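Peer 1: Sequences and hints are given; from them, build the entire structure.
Numbered according to the UniProt record's numbering, the sequence shown terminates at residue 189, and the numbering increases by one at each position without gaps.
Warning: the hint list may mix true and false statements.
Said to hold, decoys possible - For lysine to any residue, the following SDA-like pairs were computed, each having C-alpha atoms within a straight-line distance of at most 25 Å:
{"no.": "1", "residue 1": "Lys-86", "residue 2": "Tyr-69"}
{"no.": "2", "residue 1": "Lys-86", "residue 2": "Tyr-52"}
{"no.": "3", "residue 1": "Lys-45", "residue 2": "Tyr-77"}
Since the hints were made in silico from the structure, they are not lab data.
Fair warning: this is a prediction, and the values are worked out from it, not measured in the lab.
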Amino acid sequence: MIHVQIQVNSSDTDLQVFPHTCVATPSNDPDDKTWNEVIIDGCAKLPTLQFYPSPGPDRGRFGFQAFAYTSGVDMVYLHCNVLLCKASDPNSRCAQGCQPPSGRRRREAEGEPEVYRLIQGPIVVGQDQNGEHARETGGTTTTGGRQVTAAGAVVGACAVLAIAMSVGLLYKARRHDSQAGYSVLQNID
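Peer 2: Right under this line is the structure:
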């Protein structure tokens, strides 16, 4: 499993994060033609995706079984649109949770939530001499239709991912009035 934590670090304690949309691609291009839906409209799209309880509204946690693309690309990037809402607003988009598109949605009392686009990667996957192991920051690789876990690599990848996304949201929270755009986060070794 790859475990992800998205956290905002701000002096404003009334903030809630919500992973609205996350897709995985083999490149750092969020519009890559090869992609896998992970989270759409706050709803799990990967069969292995699990949302985890968080210690507070300033964090969002989820995990999913890692994979590699069968096209020979040994990298996976995670692209997320994260919403930042007022935690005290029970009608906010963040508080609504999974909302598949079905027409009208209740609007947030104080307007639309802020959207931050985050990119994490590459999560590098590879194979050992048996063709069954992930390396570096990988996780699980698909080999011949079966998935094999590399637990040590997953732990490292999770730590890097959580730290990098936290740093990105902290930076964006401090630049509150700037236009939301892409924030390319580097792996911290």
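Peer 1: Output the numbers, in ascending order, of every earlier hint that fails for this structure.
Peer 2: 1
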